[in-house]
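The primary structure of each chain is shown beneath.
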Amino acid sequence: MISNKLPKMFYGGDYNPEQWDHGTHLEDLDLFKQAGIDIATLNVFSWARNQPDEVTYHLEWLDGYINSLYESGIYTCLATSTGAHPAWMATRYPDILRVEKDGRKRKFGGRHNSCPNSPTYRHYSVEMARRLAERYKEHPAILVWHISNEYGGECYCDNCEKAFRVWLKQRYGTLDAVNKAWNTAFWGHTFYDWDEIVVPDHRSEEWGENSSSFQGISLDYTRFNSDSMLECYQLEYDAIRSLIPDALITTNLMGFYKPLDYFKWAKQMDIVSWDNYPGLNTPVSFTALAHDLMRGLKDGDPFMLMEQTPSQQNWQPYNSLKRPGVMRLWSYQAVAHGADTVMFFQLRRSIGACEKFHGAVIEHAGHANTRVFRETSALGHELQKLGDQLLDSRIEASVAILFDWDNWWAIDKSSGPTVALQYVEQIHKYYKALYNRNVQVDIVSVDSDLSGYKLVIAPVLYMVKPGLAAKLEQFTDNGGTFVTTFFSGIVNEHDLVTTGGYPGELRKLLGIWVEEIDALLPSMHNSIEMKETIGELSGSYQCGMLCDLLHTEGADVLAEYGTDFYKGMPVLTRHAFGQGEAWYIASDGEEDFVAGLLKHLCQQQNIEPVLDTPAGVEAGRRVKNGQAFLFLLNHNAEAATVELGSLQTSNMLDNQPVGSSIEVPGNGTIILSVK
Amino acid sequence: MISNKLPKMFYGGDYNPEQWDHGTHLEDLDLFKQAGIDIATLNVFSWARNQPDEVTYHLEWLDGYINSLYESGIYTCLATSTGAHPAWMATRYPDILRVEKDGRKRKFGGRHNSCPNSPTYRHYSVEMARRLAERYKEHPAILVWHISNEYGGECYCDNCEKAFRVWLKQRYGTLDAVNKAWNTAFWGHTFYDWDEIVVPDHRSEEWGENSSSFQGISLDYTRFNSDSMLECYQLEYDAIRSLIPDALITTNLMGFYKPLDYFKWAKQMDIVSWDNYPGLNTPVSFTALAHDLMRGLKDGDPFMLMEQTPSQQNWQPYNSLKRPGVMRLWSYQAVAHGADTVMFFQLRRSIGACEKFHGAVIEHAGHANTRVFRETSALGHELQKLGDQLLDSRIEASVAILFDWDNWWAIDKSSGPTVALQYVEQIHKYYKALYNRNVQVDIVSVDSDLSGYKLVIAPVLYMVKPGLAAKLEQFTDNGGTFVTTFFSGIVNEHDLVTTGGYPGELRKLLGIWVEEIDALLPSMHNSIEMKETIGELSGSYQCGMLCDLLHTEGADVLAEYGTDFYKGMPVLTRHAFGQGEAWYIASDGEEDFVAGLLKHLCQQQNIEPVLDTPAGVEAGRRVKNGQAFLFLLNHNAEAATVELGSLQTSNMLDNQPVGSSIEVPGNGTIILSVK
Amino acid sequence: MISNKLPKMFYGGDYNPEQWDHGTHLEDLDLFKQAGIDIATLNVFSWARNQPDEVTYHLEWLDGYINSLYESGIYTCLATSTGAHPAWMATRYPDILRVEKDGRKRKFGGRHNSCPNSPTYRHYSVEMARRLAERYKEHPAILVWHISNEYGGECYCDNCEKAFRVWLKQRYGTLDAVNKAWNTAFWGHTFYDWDEIVVPDHRSEEWGENSSSFQGISLDYTRFNSDSMLECYQLEYDAIRSLIPDALITTNLMGFYKPLDYFKWAKQMDIVSWDNYPGLNTPVSFTALAHDLMRGLKDGDPFMLMEQTPSQQNWQPYNSLKRPGVMRLWSYQAVAHGADTVMFFQLRRSIGACEKFHGAVIEHAGHANTRVFRETSALGHELQKLGDQLLDSRIEASVAILFDWDNWWAIDKSSGPTVALQYVEQIHKYYKALYNRNVQVDIVSVDSDLSGYKLVIAPVLYMVKPGLAAKLEQFTDNGGTFVTTFFSGIVNEHDLVTTGGYPGELRKLLGIWVEEIDALLPSMHNSIEMKETIGELSGSYQCGMLCDLLHTEGADVLAEYGTDFYKGMPVLTRHAFGQGEAWYIASDGEEDFVAGLLKHLCQQQNIEPVLDTPAGVEAGRRVKNGQAFLFLLNHNAEAATVELGSLQTSNMLDNQPVGSSIEVPGNGTIILSVK
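Residue numbers (UniProt numbering), protein chains in the order written: chain R, 1 to 675; chain A, 1 to 675; chain L, 1 to 675.
It should be emphasised that the hints constitute simulated quantities derived from the structure, not laboratory data.
Quick caveat: nothing in here was measured; it's all calculated off a predicted structure.
Among the hints, erroneous ones may be present.
[Unchecked claim] Computed footprint of chain L on chain R, listed as stretches where at least three residues anywhere in the stretch have a Cβ under 8 Å from a Cβ of chain L:
id	region
1	416-422
2	500-512
[As the list claims (entries may be wrong)] Far from chain L by the CB rule (all over 10 Å, computed), these chain R residues:
id	residue
3	L59
4	G188
5	V199
6	S204
7	E205
8	I271
9	Y277
10	I351
11	Q384
12	S393
13	E515
14	A519
15	E591
16	Q627
17	Q656
Note that the Cβ used here is the ideal one computed from N, Cα and C, for glycine as well.
The whole structure should be built from the sequences, with the hints applied where relevant.
Set out below in structure tokens:
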């Protein structure tokens, strides 16, 4: 359980009382109580208030808020305030200001603004964390420590350049090793001195968003940048940990956030927390995937939903309101995927600056008589009713999808064969095929233990890191089903091609040789012609984007290309490998094809969905001590009836038994306890 | 009257004889006479010629041109030449060069290139104005003083940064007041020293065109930038005024030009002048609106049409020729809306650099035998014929549309709720509904006296400045009809939200409370369902973009939303307030809806159109000493017949009486004197 | 013949053995032999390897590769390696780093990275060329010297700025002449000192890609930039030449590459070589045009096809494979248009950095058993079979199309009348009309001798340089047919308008006066209404983009505009001039119109096509010592039958006689020897 102090889902969110007067704070306390709020995240953006100069610290104002909240039954998630440095620090110590990718030095402003290799930033941020820990190490109100805020972005300053060289020395030892890893013989890039290495930005190797003359340099810089921020986090973490041995420490992540390798970060976090801000066009399946990724960061441990908006956002082009019920629905979707908290940004809406049109529990009207407040309040009382029943329960999955940040970076930086390839879209495509059937999935890293899974899917496994091929072979050899796709097995961890024939290190496992890779215009397509019926798959399916031209080396051909000069070449192969099978999908198939194939592979491996539900109704299951909890999430605007068959269940909110079917209202959620 | 020296509409335009040899100038004099030209704007871009170094001035060349023109009956509009600084000044005094929004220092080049807070610029520009005034203070040829040229753009240099801090000190007095106005408690932006404040550009608070992390900072910087340029203008103005007490001083404005608050500028101008360059897709109603805005800057005083092209422009993507008749038509459209001059850029076409494909009275062919010359010449002779009859006549309007630059800036900088909201488009939408019916409109500022109007429309009055709500209440209380729309009454002059419920300070007047604001995707719509017939309005109309979810507090509901979860909530309300009514339109309705509503409100208030005309035929009226002049402007390519009914009129160009109807040729104009 | 050492078409390409180990090199030698490869371009990107610091040179590694290749029967095209400077040079001598157009100084990285006016670059690049020449001046393996690589880009650094002023002094002599040429009286740009002149970049005169406030300045800077790089080339050339009197020296050009005036460059090259990389959407007619341009650079001399990809590229958005046969087809297309070599980039695919997904003769698989290797190998053996038969044969053309880089630059920089005008597209439009009928064409410069042609076409001859009008008059007077179009004869070589009436210096020849130029929106059109039938032209054709409004001054009107206010004005005129005719096409006509007109003009002048072929089948002819070689290139995917009529031919690959018709396979090529 996250904390024994509060044996229920924490409910609350970001609270910035420093923007308001005392009278408003008193109103807030009353409204929080009405809404069933029991946790407030304080001090996220208060660095400037906390520290007006190098030597002065004013933390006493925090005491007041922590205490008055605590007296009202509200715990504190205490941020360290280092997410945005003070103006005076930028003016007096410009090393704290980042240099943008185009080489321009920033001035004070905005939010994500501290260079992660700034000595000033590291010094003062750690000192702030240390002082906060010292001050509040025994305060009973503190439930969670929240370091900085939404780490992100990149810096290309001289300090980063120097630190990059040091990072490289530590990673490679010698310049020779660097030259080899980056293949600098190409284009005469050989480095004879560490100081000749410069940051790969728009002034040197990169000319656009996803571009580089030297993928190896850019890849390492991305790793370095992620590591640099992680070091900043770690320094604050250590400062707190050294004073509070049992502190629960986190920082709020952002789902599929490209610049940071969260698998690496999560190792340094006591609990994962994240901010869920789907856009207007984000499919619910993608939100589900993001939750599963966040859960996967720490091998299935429950996570904190640290932020979501109660109503609307402000930074989308068009910021629609969450429809009635949707805030509750999406909150429970998070819980169904492993969240043990439900928290908002924010509790009271700001009146000025760029987030004043971002929703809040307490709107600008300032009172309880709003739709948003009524909905958040109702949810608060539900969570009180649910108590600790769901806390610490787990999701059980037999299917794993392999996700890897390095692979994402390498694919995006690749020059050719196509700009159309989006790694996360491919991950989502395979995930969605399972999600639509309520098959639970774990998102795992290349370091994860795969032995507990029956089916492992690794879409576009372009980069194969050391040891991974052997692990996949072992998994398959032991009876697992392995699936991968076109543009896999191409490079090693340095983005250097494994010569001798694609898919390189995966060739033996897959029993194929890919000779060429054709890239199609978006308007062009090929087809997948099934040679036999496989499950529900038969006939012809559209494919495109990339088409591998492959030869089998032991694999069976289950489908062929239907057109072009490679008509008749294999597009879907299956390789018996030990006790298992390794499947290869040589082109980007349409959704029905992927769905049909994965359904077949699940059936082969006796992988059952949680429940069969009508379209648009998501079913999830969490389990604790043998007790299952079933979430029915109706993402349709209209009511839907879910057949429960012989399941013996009761509705957790009213404890009433439920029959063999149940109607879920439009945008509604029902949580059942399964006997 | 603008000037007694020339009791007719000035006709002429920019003339740059310094680009030509003497023989050409002599040809020009002859051609000007042929064309009926009587004013030439000189010295617009001659600073480099006038002043080859810090101490040397060569103004004697100007004498020659002023004199030879004057001897040919042509007066001078004398520019001060400070619109483009000399190269030597940029090389030797780089403080005169601007810094772009992305932080890059400019080099010499282009046109709008002087930093408004450059000590060098201020020193030498004022000295130039002073010397010109000294030299020509008694010259009879000078009709108008034209300071600089098309002030515009922004600068983000260190001098501007310093001057911004001074401007803030003057405006706010204390840093505490600044911190409060900008809500710097948000994102930890608290400033402890004035020198911590930096310019809000791409290096700090703004990342795109209409974006800011801190609306308050950006808004103030926009105001400061407008004020800085106004100070430059004012310094030259004072230099001239101190030497020539009766000088007529102006600078050429540019219609809806966002960076400069022309209402503030116009207070410092003796007469408004502006440059009218509609694009290929500019509706004629928008040009009409721009004229009305220019007239509104000085409460209805006639203005100078300082520039327009006789034929084509060069900076549009596609620069089509003005069709036969269109130059005359658009010239008279300007007059119908308040212009008392008709002037061109330019009189002779340049042979080199970026405006060589911009039209001129004398084309590259260099003679009179061109379509363009024939048309300009014909117009010149018409204007001579018209004499002073129209001069100083006024437009009488019972309808005012409120326009405010601060409101424009604030809406554009807003982060959320939608990028689709374009303030000027909304202004135009309401204007066009009246224009299409020939209802004359004044464009007024928030400082204007409203007592003379029957109907005041304030589309998207997002920002309500101090005193405005009371003024609108008084206007309505006295029997006026007030109309405003969605996203109004949200913030004060600092862009800080008025809490307690939207529309804030307008809530009492409108009798409503707006609880939420929904933003729709461009592809989405809602509908306005009329509850009763109002004038010609009945049934259903499309709406979208933003949808306020509102509750009445005294107002009547005249229409409701037709769909979505707020179906049945009010979308059109009317609040009886004193002797008048306050209307609220909660969403962006289609044109027919706006047209029908405004027609009804005009009829209620007995506001009559100038005349009923066929579609595409604009009718305008100017009045002088009880004498009305009627402009019939046919914007169609085909002829149209206008019914005059019982009006007793005569054609001002031939003094012939006109019957009960008259045919206006395609692209033709007829000006009638009404008995 | 290019070289007596190898009496056949050189076959090979770029080879970078420094990226590989020795074992791989030995495999390469074997594979090269299998593929019939006999030339390898070495040392293109080896500067860093060759020279690790200022004083140390390591060229001995090259000896090994040159020798081992030579022993395997493979000659060397020796690059000087100066296409990419070493990292240490950038770090220690930053003057070698360019400044981008936006004013940002580059760091080390990328490829085209040396400032052409860098003293460091000039010093070390020449020294490298000198040392290579010294070392290999007597080596029998060296066939060709390849200076640097794909010169290109621009620099805007302070050294370039200073060198630009010197270049201007040399060109103009006095500042007065510069001021006049640039028309600096416009916008007060007068320069009083050379040091006031700055580079025209985004900091000064240019704000986008094709934009400038001062066309004259921008035009001269473009010339200067081309000249600066040419000087770099020339310095290396001289270093080699001084040591090797009979060296064959080239650099690889890039077809229609805008920044460099290749006509000027070619004068300094012993043989033209170029890199042919058509994109996915490049029409085959455009590739043909590019080959003809490259051949035209040296008045019809055969050229080297220095680079093409054997299979796919990597820098296109979508990099499709060359379909089976296409590599061979496009290789022979090059030969048909004058290539005397067939060479690839590259011989073995890199494993890392941005070109690892660019095709190569030896793919990542590393062996001969690939489609790509089989196709390249087959072609290699064909070329061996063809021997020297085709070498040094010529293309004979009676039609010339005039192309001029200055004209291209000036049109693109023009502000107005339309952004739609693309000079090269217009060149291609006229070329394609001839290409489609297999009429052979020379692309000539404004300096070329026109006396050998019957038909000269100069689309959009906007800029008329000194002497050109007289030359065109003489050509026509002597019986030639001259064709030009709208927007011609506008400016002189300084981009200053020739006043008095368009088309300026061409007015006498064309017998017309263009009064105005209308620009249409892309959605708008006019029509060409034929007054009489001319060849196959009759009735009505669409036109648009630009429409000249013209009056005849001696010319006959053959077609008129069909609509708009200039309906009935001439759109196609013919002027009898001496013994010839000068035609003017006043608007951008549709392809059928251009095709019909050019067919008629060819027939008038008895200009015969090479052969009548089915659509998509290109026929080309090279001639040597009275012996004709006929190329039949089928660009269709399907086979096509070509009628040869009474031609007595034999297939050059099997020496078998061919009858009166022959089937060419889809994507196939047949080469016939004509008796």
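Hint-by-hint comparison with the structure:
{"no.": "1", "hint": "416-422", "in the structure": "holds (count 5)"}
{"no.": "2", "hint": "500-512", "in the structure": "holds (count 3)"}
{"no.": "3", "hint": "L59", "in the structure": "holds, 43 Å"}
{"no.": "4", "hint": "G188", "in the structure": "violated, 4 Å"}
{"no.": "5", "hint": "V199", "in the structure": "violated, 7 Å"}
{"no.": "6", "hint": "S204", "in the structure": "violated, 3 Å"}
{"no.": "7", "hint": "E205", "in the structure": "violated, 4 Å"}
{"no.": "8", "hint": "I271", "in the structure": "holds, 39 Å"}
{"no.": "9", "hint": "Y277", "in the structure": "holds, 30 Å"}
{"no.": "10", "hint": "I351", "in the structure": "holds, 38 Å"}
{"no.": "11", "hint": "Q384", "in the structure": "holds, 55 Å"}
{"no.": "12", "hint": "S393", "in the structure": "holds, 47 Å"}
{"no.": "13", "hint": "E515", "in the structure": "violated, 6 Å"}
{"no.": "14", "hint": "A519", "in the structure": "violated, 5 Å"}
{"no.": "15", "hint": "E591", "in the structure": "holds, 21 Å"}
{"no.": "16", "hint": "Q627", "in the structure": "holds, 53 Å"}
{"no.": "17", "hint": "Q656", "in the structure": "holds, 58 Å"}
Consistency note: the structure conflicts with the earlier hints numbered 4, 5, 6, 7, 13 and 14.
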